[in-house]
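Visitor: Just so you know, the sequences run in chain order F and Y. The numbering used here puts the first residue of the first sequence at 1, with every later residue one more than the last. The numbering used here puts the first residue of the second sequence at 1, with every later residue one more than the last.
Honestly, the hints are just simulated from the structure, not real lab data. Given the structure is predicted, the values throughout are model-derived calculations rather than measurements. Beta carbons: idealized from backbone N, C-alpha and C, even for Gly. Heads up, some of the hints might be wrong.
Unchecked claim - The calculated lysine-lysine pairs, modelled on DSS-like cross-linking and capped at a C-alpha distance of 30 Å, are:
1. K65/Y with K46/F
2. K86/F with K341/Y
3. K65/Y with K86/F
4. K46/F with K18/Y
5. K83/F with K18/Y
6. K9/Y with K19/F
7. K46/F with K9/Y
8. K83/F with K9/Y
9. K65/Y with K19/F
As the list claims (entries may be wrong) - If the Cβ cut is set under 8 Å, some of the chain F residues that face chain Y in the computed set are:
10. L26
11. G28
12. F51
13. K86
Stated by the list, open to error - If you only want the chain F side, here are some residues facing chain Y, beta carbon under 7 Å, derived:
14. R34
15. E59
16. V91
17. T93
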Amino acid sequence: MSSKQTNLLQGTLDLLILKALGPGELHGLGISRRIEQITRGTFLVKPGSLFPALHRMEEAGWLSSFWGESENNRRAKFYRLTKAGKSQLQVETEQWTRVAVAMTNALTAT
Amino acid sequence: MMKLWSRIKSTARNLFHKQQVETQLDDEIRACVDMMTHERIAAGMSPSEARRTALAEFGGVEQVKQAVRGHRAGVALERLWQDVHYGLRQLWRNAGFTVTVILTLALSIGANTAIFSIVNALMLKSLPYPHPERMGTIYTRVTGVRSWDERHKVTYEQWALLRDNVPALTSAVSSSRTSGVNLEAGSHVQYLQAGRISAHYLDVLGIQPALGRNFSDVEDRSHGPNAAILSYSLWRNTFGSDPNVLGHAVLLKGAPYTIIGILPEGTSTPLNAGIYTALQLGPEGEGGGTNSEAITRLRDGATWQEADAEINRAWSHRAHRYELDDDPSAQVTYHSVPLQKGETATLRPQVLALMLAAGFILLIACANLAGLTLVRVLRRSPEFATRLALGASRWQIQKQLWIENLLLAFLGGMAGITVGFVALRGLLQLLPEHFLPVATVPLDGRVLAFTLFISLLTSVLFGMFPALAMRKFRLRSAIASHSATGGDPLHLRQALIVSEVALTVVLLAASGLLIRTLIHLQTLPAGFDPAGVIIAKASLDDEQYHNAATFRKLLSQSTSSMRQIPGVQSAAVGLSLPYERALLNGVTISDGRAAGQHGMTDEVYVTPDYFAALQIAVLTGRSFTDADGPDTQHVAIINQTFARKYFHGADAVGHYINNDTRIVGVVEDVPIAPGLDATAPLAGEETMYIPAAQADAQLLALVHVFFQPSWIVRAAAPVEGLTAQMQRALASADPNLPFSGFYNMRDLMAKTLAMQRVEVALLGTMAALALLLSTIGIFALVANIVAQKTREIGIRIALGSSIRQAMVHVGAPGVRASTLGLILGLILCAGALRAMRSALYGVGVYDVPTILTVMLVLASVTIIATVVPTLRIAGTNPASTLREE
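Go ahead and model the full structure; you've got the sequences and the hints to work with.
Guide: This is the structure we're talking about:
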């Protein structure tokens, strides 16, 4: 895998995590499942990518975490968006939309 | 902003609460795996199957954890810390190596720190006055038969023109140095150093008195009212910080002086005196000659170009242009020079030479350390091979090596600062008082920055070779054998030894020449007998001793009381002594072949016993007697140089000089600090002695401002309590006249040769240090060859080689390197030592005894450094060395 692709995927992964946490708090596995669901199975996020990303984003101040009870009464680490995370979601959404429209236009141009 | 803060917080947490962060990561991942397992059980899998597939989907718990750790904030810092930690452990495990390196660095960096702090204090640090860049002094540039460009002292005429006709500058003058005076305040009598300064002197320095005021123009006028300004320390120590002393009079030089000001705490002037009086320069007497130092401050809005133009205009139209005396066709111009440069000009070449020598020491140390670290890297080949085989990158190993070098340099630098501090204190102790024109030599930020810089520089210099060696590191051969870098490092190490020995030879030869110079000066034919002579000095810069009769009475009473002391053979007084600088005066030859010839001579007034007390031989004619009084025929005794110069070896006795003075004797030359032609620190020079009883009031008033006469006592054997008895004898003639100190002739010589002694001590220390480092270098080289070749030596001995042959075989590379270094060093000397010519007296630049001594010294240390490590071979047992591997 070339480094170019990694960067692209990493940027995408951040946006997907932010988006997945938009409605409310989730634990790691929940985030993974939710991304799978909202991308209709296109992206399967492996733990090896997910957890480093979560820790990195928490250190950047976009996410905050707390320990809570899962749906089947297990202790789990939950993540939610901070204020900075919410504005980051907005910024990245706008950026992505611009890129997506531009790319679509470019690829459909005759 | 927010993001940065969050990262700093996380970095701190990751570094300082590592355990907690790890436990939480553990818990989080276990919970995730548990949940995945649970999902599968809920979907109907067996628990063990569920766990297996969950783990498979998760993709390796440890890898995930490692991935998280790899992205943590502060991970680079943590890795660096791990490397440092590992490096420290390595250094700890090789304590011998580490101590050698740190000691070498401590000595070499310490030497550099000490010398640099002097360079810093003299040349880099600003003068401790406001706007030092606006302060200057004036250089005279003469182009003609003899060209020169230096600070020259000025006459009253020059000073008056400078003050009145150079509006671009605030100017002031002062005496060129302080002189000892007696201060009486109440019942307290004290001898201290007084400086004489003109009006506006303190304005030029930008110093405002803490109490009172500066000298006014009225007080500075010739024969103006007597006023004094106290230094802060004198005010505190003698006057108990009493502010009411202002306006009161103290008895200074036997006359009342009104205290008009007190300098602020912590201020110093270039004169650095205890008390200041007004210079009161006039066109006659002192002001008629070049006796004063000028300092200037650029006025607001003026430029140095304007100032220089004004000085040249003002000084070019003087009645007496003494600069043209020797060469009327010479071109004379004047220019301003920054005050700091003017004040330190005489010391600059010496200090820079020392800095160069210190630089040599650093290079020698680096060459040694490069050799040591190279060997150490080779010894660690197996370790690096293992690390490379386990997947470490070459960059990681390089990084590790550099980190260890930096650690060593850092530790060495810290030790170097300590050594430098101690060395600097010792050095300043060694210097005579007021030797440096600065009050303090601090170890300030700039010095510390310099030390840090050279520490980094050394680590780069000595780390470079091992790092280069690592690049050629071959994994395959390293694993196969125990040592394996491409190429033979022996040649590289030999080259390092050659260069350090070469530098050592230069330093040894340079200090050898200085030692020879000092020996030459110290063993000049004395012309008198210094053994058993005790000197005491007192200041006669005192109103009452301007009277010739009072002066005569003091001398005759005090010397006759001193002669009464049991054990004393003779007692006399003289204005100046051998080894000292003497009064310069004009002389005219009145008759004979040289009639009408005018020149300068040293002039010394003496009491009749002077030549007996010092045992200066009277060659022809007679000595002075008590019959040579103020009202009899004026007489003089001249020395041989004087007789040779003006009477060409013919008998001078009976001839007249200065119209009415009859020469009655000729005496042996004695070495003095020459004032006429200062080409050497000590030399014989034309001197004329006159009886103290015939010195007139005008001469007495003038000379005692500059000179403190000496009481000379000769005793056959040491006399118990002699100094106290001498003081009592003086007190019997004048109870308020303290001696400033007691000396022997050796002290006087040491004072005159202070510069040479300091040069020898400093450069000698550096040369010794260089020699020590080179010896260690050769020793390490040979010792290492012995260690590496144990097996080979074993085979050689087993095959019938004698132990001596084996020793020669192993020691040869050390001897070869040292010999090559010696040859290279001698070639370097041929060029480098010529720069020393101006510091050498009585010895040539290419001095055979010096060079032979250097070769001999180097040969001996080379032999010791190669033989000692090879002695181990003698104890080698071939059988056991062959079994070893």
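Visitor: Go through the numbered hints given earlier and state which of them the structure violates, listing their numbers in rising order.
Guide: 2, 10, 13, 14, 16 and 17
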